[in-house]
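> Listed below, chain by chain, are the residues.
There are 2 protein chains.
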Amino acid sequence: MTYFRSSITSMTGYVPGEQPHGSKLIKLNTNENPYPCSPKVLAAIGHAIRAGLQKYPDPLATAFRQRAAEQLKVDPESILCGNGSDDILTIITRALVDPGDVVRYPNPSYVLYQTLAEIQGADCDVVNFEHDWSLGDKFTAANDRLRLAYLANPNSPSGTVLPPDDVARIADALPCPLLVDEAYADFAETNCLELVEQNDKIMVSRTLSKSYALAGLRFGFLVAQPQLIREFAKAKDSYNCDSLAIAGATAAIDDQSWFEQTRAAILATRIRLTDELSKLGFACIPSQANFVWCRHSDQAAETLYQQLKTSGVLVRYMNYPQWEDGLRITVGTDEQIDAILAILAGLL
Amino acid sequence: MTYFRSSITSMTGYVPGEQPHGSKLIKLNTNENPYPCSPKVLAAIGHAIRAGLQKYPDPLATAFRQRAAEQLKVDPESILCGNGSDDILTIITRALVDPGDVVRYPNPSYVLYQTLAEIQGADCDVVNFEHDWSLGDKFTAANDRLRLAYLANPNSPSGTVLPPDDVARIADALPCPLLVDEAYADFAETNCLELVEQNDKIMVSRTLSKSYALAGLRFGFLVAQPQLIREFAKAKDSYNCDSLAIAGATAAIDDQSWFEQTRAAILATRIRLTDELSKLGFACIPSQANFVWCRHSDQAAETLYQQLKTSGVLVRYMNYPQWEDGLRITVGTDEQIDAILAILAGLL
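Protein chains in written order, with the working numbering: chain Z, 1 to 348; chain V, 1001 to 1348.
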């Protein structure tokens, strides 16, 4: 006897990357920013604390919507704020997908899409990337039950990007809305924000976890046409973003000078990491995100993951169905990258 | 042409109480605590900020679970933490209720239960309270499609409480789990925490918004048997509680001396507010929460609401289907209560 929906009992649940708090491991497994956030974020949170925590937050995070709209040159009414972009993905899935419906996403990609579909009781249509990390016609194929397609762009674990023109074509061909998950777009050369105005099927989600170094604060947002935002808002918890997150996120998006500087540091380190890994015999995919996906020609990825962990460095080992396994290494500080490279040089 | 589930397009969405930030209104409409939270909460948040926000939080908020388990004398494995207790209510509804299923709740009560059912595509079986605010046999009637019953206890807007013995009897008679929403239980003489161990159908949700003065921080939790908690955890966002909320909530539940002192102040003011309203001709229901539900013998509740707002005091006007309307007045500071009583004396 169970009280639960069969969708829940039959699923295993999403397992996030290890979060060994308080340990001395060098943590390069969950694509966090290695740098502390902007001091202006801390000042804004301090100000919000002094204003008091006893009152409910603004349900729509209006301050953030206004400042983000100016920075990103979009309509504030086209922004919906969430408790991390996971909350945004949940809201979208709940609003669009009924049990028995179908969602589509590429493989290998963000494993959470499957979890969201499973919670909703939906079926998954998983389309493998081509070997050049493009998407073939299967991704836009007709399907009467298809209600939503997810596309991580840049993709994880590959760090590859589909250019906006390709995304626009995919959205046109799809019989359903396309959620372009731009968690890593701030590290890429292109993004799809401008497409939102042109096609109501294109929705773009962003997070402040990676590029703004605020994974601990939980703040993400959706950009979609205003008439869609109003419907999605019905499916969110009333007070989904707390007062400190709203204050911190608003200050973060306003401090573009911190953002540019940190981004430049990470991109520089990414080049160095990719070059040095290649010299050590790794095949690395050129990344437009804050991580590098790689495999070594001689050593099993899983063995290297374990050896690195024993040596005090945590990276992400991933083994995708119908694809190969590999290591996803977050671009850390230069010191952290020096450390992992030295350990790998010793191991290989 | 719409991309949305029909459940979403057909619903109006939950409308939270007005949140006029930055205004000079005396805000007695959303049952916030009028006192600032414990200074230990601020210290803990400050400590978490200095530790940095760039890393993901602990997915299970282990620190809070451990300290809350000690304070409440329950198993840490029986606690699930949420982004406010609204997140807990969402998780439970998503995990137990499929489209076409039925949920049951009393009227008048927390309007969000209807919204949660609507999002899920479930039908609502709404059972009116008896005139003494007890629940009749209809609340436990058999129904093949019934999957979940909600019971706010203390109830809003009435502030009335069903004693634990009655709740235990209701749960025994119900064919489905019973979520006892104890958002206001810290202001009551009894609660149902001890029932959780005895009956796996009884689940208790709590929030730190009211009694710990942390509505702005978003933190709530569920107490249920561990085998249920493990299933519910599958339906939550991985990182649903942020680092600052976890740190602040853990410090809050640990500072029972602040809690007892603030609770005593609110209970004393509640008695005074009830007495003075009665002298002004209001019929007040004896409250075990941090608000008072009342109607005046001569004046329409909606008129009084408007007049109070014009005079700078915001209370909640509510008009329930198949019930009467009334004013729900949050127990504020003594100064705030003096102010509203003076205005009402002038109006009546």
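You may find that some hints are simply not true.
Unchecked claim - Quick list of the computed label-pair ranges, beta carbon to beta carbon:
| no. | chain 1 | residue 1 | chain 2 | residue 2 | range |
| --- | --- | --- | --- | --- | --- |
| 1 | Z | 175 | V | 1020 | 23 to 33 Å |
| 2 | V | 1075 | Z | 311 | 35 to 45 Å |
| 3 | V | 1035 | Z | 335 | 51 to 61 Å |
| 4 | V | 1324 | Z | 71 | 24 to 34 Å |
| 5 | Z | 312 | V | 1002 | 49 to 59 Å |
| 6 | V | 1075 | Z | 51 | 46 to 56 Å |
| 7 | Z | 279 | V | 1036 | 37 to 47 Å |
| 8 | V | 1010 | Z | 50 | 54 to 64 Å |
| 9 | V | 1260 | Z | 300 | 56 to 66 Å |
| 10 | Z | 163 | V | 1144 | 48 to 58 Å |
What the hints assert, rightly or not - Distance condition first, Cα-Cα at most 30 Å in a straight line; then the derived BS3-like pairs of lysine-lysine:
| no. | chain 1 | residue 1 | chain 2 | residue 2 |
| --- | --- | --- | --- | --- |
| 11 | Z | 309 | V | 1024 |
| 12 | V | 1040 | Z | 234 |
| 13 | Z | 234 | V | 1234 |
| 14 | V | 1279 | Z | 24 |
| 15 | V | 1234 | V | 1024 |
| 16 | V | 1279 | Z | 309 |
| 17 | Z | 73 | V | 1073 |
| 18 | Z | 24 | Z | 40 |
| 19 | V | 1309 | Z | 40 |
| 20 | V | 1234 | Z | 40 |
| 21 | V | 1234 | V | 1279 |
| 22 | Z | 55 | V | 1138 |
Stated by the list, open to error - Covered stretches of chain V, going by a simulated chain Z footprint (3 or more residues, C-beta under 8 Å):
| no. | segment |
| --- | --- |
| 23 | 1213 to 1226 |
| 24 | 1337 to 1344 |
Just so you know, these hints were derived from the structure itself, not from any lab.
In this text the structure is predicted, and so the values were computed from the model without any measurement.
Glycine included, every Cβ here is placed at the ideal spot set by N, Cα and C.
> The structure should be examined with respect to each hint, and the outcome stated for every one.
These are the hints, each one checked on the structure:
| no. | hint | verdict |
| --- | --- | --- |
| 1 | Z:175 <-> V:1020: 23 to 33 Å | violated, 44 Å |
| 2 | V:1075 <-> Z:311: 35 to 45 Å | holds, 37 Å |
| 3 | V:1035 <-> Z:335: 51 to 61 Å | violated, 46 Å |
| 4 | V:1324 <-> Z:71: 24 to 34 Å | violated, 49 Å |
| 5 | Z:312 <-> V:1002: 49 to 59 Å | holds, 53 Å |
| 6 | V:1075 <-> Z:51: 46 to 56 Å | violated, 37 Å |
| 7 | Z:279 <-> V:1036: 37 to 47 Å | violated, 57 Å |
| 8 | V:1010 <-> Z:50: 54 to 64 Å | violated, 43 Å |
| 9 | V:1260 <-> Z:300: 56 to 66 Å | holds, 59 Å |
| 10 | Z:163 <-> V:1144: 48 to 58 Å | holds, 53 Å |
| 11 | Z:309 <-> V:1024 | violated, 56 Å |
| 12 | V:1040 <-> Z:234 | violated, 36 Å |
| 13 | Z:234 <-> V:1234 | holds, 23 Å |
| 14 | V:1279 <-> Z:24 | violated, 65 Å |
| 15 | V:1234 <-> V:1024 | violated, 43 Å |
| 16 | V:1279 <-> Z:309 | violated, 71 Å |
| 17 | Z:73 <-> V:1073 | violated, 52 Å |
| 18 | Z:24 <-> Z:40 | holds, 28 Å |
| 19 | V:1309 <-> Z:40 | violated, 36 Å |
| 20 | V:1234 <-> Z:40 | violated, 36 Å |
| 21 | V:1234 <-> V:1279 | violated, 52 Å |
| 22 | Z:55 <-> V:1138 | violated, 37 Å |
| 23 | 1213 to 1226 | holds (count 6) |
| 24 | 1337 to 1344 | violated (count 0) |
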